[in-house]
Every structure is written in structure tokens, then in C-alpha cells.
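Here's the letter readout for the chains.
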Amino acid sequence: MIDVIRSEWIKMRSVRSTVWTLVGTVVLMLGFAALAGASNRSMAEGPVPGDAAVGGSLSGGLIAALTMAALGVLMISSEYRTEAIRVSLMAVPRRLTLLSAKIIVFTAVSLVVCLVASAGAIAVGLAIMQPPSVEAADVARSALGSALYLTACGLFGLGLGTLIRHTAGAIVSAIALMLVLPPLTTQLPGAWGATVSDYFTTNAGQLIVSNHANQSLGPWSGFAVYLAWVAVAMLAGAVLMRRRDA
Amino acid sequence: MAIMLGPMTAIRTTDLTKHYGKTTAVAGLSFDVEPGQVTGFLGPNGAGKSTTMRMILGLDHPSGGSALVDGTPYQELRHPLRKVGALLDAKAVHGGRSARNHLLAIAASNGIPAVRVEEVLEIVGLAAVARRRVGGFSLGMAQRLGIAAALLGDPEILIFDEPVNGLDPDGILWIRTLMRDLAAEGRTVFVSSHLMSEMAQTADHLIVIGKGRMIADTSVREFIGRSSQSYVRVRSPRLAEVAELVKVGELHADHLRVTGVSPLEIGTMTARAGLPLEELTYVKPSLEAAYMELTKDSLEYTS
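Sequence lines, in order, name chains A and B. According to the numbering used here, the first sequence is numbered sequentially starting from 279. According to the numbering used here, the second sequence is numbered sequentially starting from 74.
Hints listed in this document are in silico derivations from the structure and should not be mistaken for laboratory results. Hints are not guaranteed to be accurate.
What the hints assert, rightly or not - Selected chain B positions facing chain A (Cβ under 8 Å, derived; list incomplete):
| # | residue |
| --- | --- |
| 1 | Thr97 |
| 2 | Leu150 |
| 3 | Val166 |
| 4 | Gly184 |
Where is the CB? At the ideal position from N, CA and C, for every residue including glycine.
Given the sequences, and given the hints that come with them, work out the whole structure.
Put into C-alpha cells, the structure is as follows:
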């Protein structure tokens with residue numbers, strides 16, 4: 279397994295698209311923090327409160343979630359597109375071992391990069407908004423929450439990529455499930471509709487970033503629900519990967 | 074079960090079958106591939122060669138039957154690349170990666186040390202371009218890279234799918250020599266082609282398939298001996314009478330096919346009998362023609 283993880287790590291770092299997507303994610307996070315900081319500061323009457331400043335600093339997460347999802351998709355769909363997946367599977371015929379190695383490498387890389395990006399974004403945001411006081415624990419928790427959320431988004435992409443195998447199809451599905459459908463679910467009628475909306479993908483997942491609760495879920499339980507969505511995509515992908523011809 | 078197994082053959086398929094929906098790509102193929110020789114896997118395009126190779130390599134799941142490598146299903150090999158090296162499609166690489174990184178990633182997965190990457194780059198003559206991105210490689214270079222990947226684990230068994238397709242004469246000669254050398258070292262070389270002429274120059278043994286079915290499993294020498302038999306083609310407005318006269322001919326719709334009798338003898342006989350001849354031709358079929366004859370019923374697409 280260590281061998282396969284090393285192999286996946288070499289694959290990941292040796293293509294430019296990975297590097298650019300990760301750099302793009304960091305730039306997005308920092309850029310949005312600066313923008314949000316500037317606009318919050320000019321709109322606010324008086325000083326920006328600490329928790330609002332931290333939250334505003336992470337507003338790039340909405341788009342960064344998609345770049346990480348795209349990276350997750352590409353981690354496997356690029357191999358299907360070029361049929362290099364056959365070369366990979368000849369080297370590692372146990373398909374779930376190959377998929378597990380991809381998951382491990384992606385998770386490790388994503389956690390590190392997204393933690394740096396999130397902490398950096400908070401630093402930029404706070405420097406611009408200059409709130410009177412900030413809880414250090416609040417900052418740490420938000421940075422960690424953002425890194426976890428963005429990594430989960432990437433794994434969602436990896437799961438969808440494994441399931442769908444086509445880059446464009448998987449990315450469109452990711453956008454639909456993570457960005458388009460979640461706000462639409464709030465239009466569902468009745469108490470039942472509200473519950474569905476609370477549990478729906480990023481509606482639940484984002485709670486860990488904002489540290490808020492919705493009517494059904496708290497930050498951590500929301501994140502757990504989001505991970506369940508990711509797991510369903512990943513498991514479906516894994517089952518099909520085993521069963522299908524490569 | 075009390076089945077006696079002989080010594081392990083390198084590759085053994087038993088009743089190997091693959092259906093895609095209602096189409097049957099491979100229909101009950103059983104054959105052995107032995108070490109120390111080049112075994113040509115021959116058949117027209119669409120005969121099921123690639124599908125068979127993918128099943129041997131554990132990429133496609135057989136609908137029936139089995140394929141074993143050294144007595145084991147491919148999926149159960151721990152470090153498969155140290156046992157089997159294969160080149161299916163040279164262009165199946167991520168174009169954004171350098172040749173060296175491509176090989177390093179493959180080597181790492183099977184615990185093959187990085188120095189071996191430099192060795193195989195040297196063997197295939199790509200050392201000078203090892204840092205270049207493979208997307209810019211010509212087909213010939215990509216083919217060499219694919220062969221480098223196949224050689225990484227110093228495997229006993231090598232599988233190549235149409236390795237000379239699209240190569241220039243230099244490249245073809247290089248691959249041919251490489252395959253001969255690998256077999257001479259005692260390795261198993263299993264190589265597919267749709268060109269008989271190519272296989273006649275490289276292979277020791279032939280497995281010929283068409284429409285997913287076995288047509289011939291024979292040594293090249295035997296195949297050549299059997300199929301390069303010459304004959305005399307005779308045409309005449311009074312063909313039936315000529316046939317009766319010559320006796321040993323095989324009568325076709327518009328001609329008579331005679332083996333073992335020279336054109337002079339036939340000509341002399343018919344002249345004496347006063348039978349007019351339209352054609353009297355000594356035919357020595359090429360290997361290619363023999364192969365076409367053998368596979369003509371199994372062509373997927375006939376022009």
C-alpha cells in the first residue's frame with residue numbers, strides 16, 4: 279500500500295494541472311478575503327465584529343470548493359480520458375487499493391494546502407478589517423473547519439469522477455450537487471422540505487466553516503452528514519470501478 | 074478434482090469468452106503461450122485480440138472461462154510488473170507528465186527502484202528526452218516509452234498489442250530485434266498483429282483467431298509449410314473434360330486447381346487430347362495470401 283501511495287503522490291505532483299489548481303485555490307481564498315475585507319470595512323458602521331471578520335475572510339470557500347472538487351475529479355478522470363488507467367491497473371490490479379491510495383494522497387495534500395489557504399485568508403481578512411478583538415480559538419477552529427470542508431468537497435469530486443469517469447460530466451455533477459441544488463432545496467415546501475434542505479450536501483457541510491447550526495444540524499453533525507454524501511458517491515464509484523471493464 | 078497440471082505455462086486461457094451485450098468478441102478461446110519463444114497473436118482487426126489481452130491482464134472481466142498468468146489470475150499477482158510487462162496502447166499516457174515521472178510513478182507502485190527507470194530509459198533510447206513532457210512525443214517515441222514501462226520490472230512475460238503499428242522502418246526493426254532478444258533470454262513474448270508478413274519475420278509460434286474464435290494454433294514453420302503449397306490454375310471453355318483428363322485436380326466454378334502436376338505435364342496432356350486452354354498458371358501463394366484465405370470467413374468488415 280505504501281508503494282501505491284508513493285506512486286500516486288508522484289503522479290499528483292508531476293502534472294501542472296494539479297499544481298495550478300492548488301495555486302488557484304490559494305489565490306482565490308486570499309483574493310476573496312481581501313475583497314470581502316475591503317467591502318465589509320467600507321459598509322460597516324463602526325468596527326467589524328471579530329466573528330464576522332473571520333467569517334467574511336473565508337468567503338472564497340464557495341468557489342474554492344469547486345476548484346478542489348475539480349481537482350478531485352481530475353485525479354481519476356484524467357486517467358480514464360487518456361486510458362492511462364489501464365497502465366495504472368496493470369501495475370495495481372487491485373482496484374480498490376488504487377482508489378484508496380488516491381483518496382489518501384488527495385486528502386493529505388488537500389488538508390495541508392487548504393489549511394494554509396484558509397489560515398492565510400483569515401490573516402489577510404483580519405489585517406484589512408481590523409476587528410477590535412478576535413478569539414484565537416475561533417480563528418483556529420474556522421481555519422480547520424474550512425480546510426476540512428474544502429477537502430471533503432475535493433473527495434466528493436473524486437467520488438463523482440470515479441463514478442462518472444468523464445471529466446466534464448463529473449464536474450457538472452459536482453457543480454449541480456454542491457452549488458446549484460443546495461439553494462434550490464430551500465424552496466421545498468413544509469417541514470419535510472426544510473429538513474431535506476438542512477441535510478442537503480453543502481447546506482449541511484458548510485456549517486463547520488461558519489460554526490453555525492441550522493434547524494436540524496450543528497457544525498460537526500452537519501459535516502458528518504456531508505461526509506456521508508461523499509461516502510455514498512465514493513462507494514458507488516468504488517463498486518462500479520471494481521465491476522466495470524477498465 | 075484430480076486434474077493433473079503440467080508444468081506452468083506462461084499464459085493459459087481456458088474457454089475464455091467475452092460478450093458485449095449481444096456481440097461476442099471472444100468465443101471460447103483456449104491456448105497456451107510458452108516461454109523462450111515469440112508467440113504471434115494474429116487476426117484481422119476486430120478479431121478479439123486486444124480484448125483477449127485485456128482479459129489476460131485483468132483489465133476486462135471475462136464473461137466465461139479463465140486466463141492465468143504463470144498459473145495465477147493476474148489480479149492476484151502481488152507485484153505484477155515484476156512478472157508481466159505489457160504495452161497495450163502507447164498513447165495511453167498523461168501528456169503533461171515527463172517520461173521519467175511517468176516511469177517513476179509506475180516503478181514506485183511495484184517497489185521497483187528508481188535506478189531501474191534510468192536503465193530502461195537507456196535501453197529504449199529515451200534518456201536524452203527523459204525530462205520532456207510525453208504529450209509532445211512522436212508515436213515512435215511513445216512506443217519506446219511504452220516498452221520502457223513494460224521492461225521496468227524485468228518481467229519473464231511480455232505482452233505487446235500491435236507494437237509496430239504506425240512505426241517507421243527503423244522503429245519496426247528495433248522492436249522486432251528486441252522481441253527476438255527477449256525470447257532468446259528465455260522470456261515469454263506474446264505479440265499481436267494483423268499482419269502475417271510481420272509475424273512471419275518475428276514469431277516462432279502462431280495463434281490465429283478470427284471473430285473471437287480459434288483458427289490455428291501452430292508453429293510458424295508448420296504454417297508456412299502447409300500454406301505455401303504451390304498449385305497450377307487451369308481455365309478452359311471445356312473445364313469438365315480437362316478435369317477428367319488430369320484426374321488429380323480440384324474443380325472450382327471457373328477454374329481447376331491442380332497440385333503435384335507441373336504446368337508442362339498438364340499442357341502436354343491437354344494438347345494431346347485437343348482441349349483448348351484459356352489459362353495455365355503456376356501459383357505460389359504468399360504467406361499473406363494463405364493467411365487471407367484462412368481468415369476470409371471471419372473478417373468483421375469486408376471491403
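Now for the hints, and whether the structure bears them out:
{"no.": "1", "hint": "Thr97", "in the structure": "violated, 15 Å"}
{"no.": "2", "hint": "Leu150", "in the structure": "holds, 7 Å"}
{"no.": "3", "hint": "Val166", "in the structure": "holds, 5 Å"}
{"no.": "4", "hint": "Gly184", "in the structure": "holds, 5 Å"}
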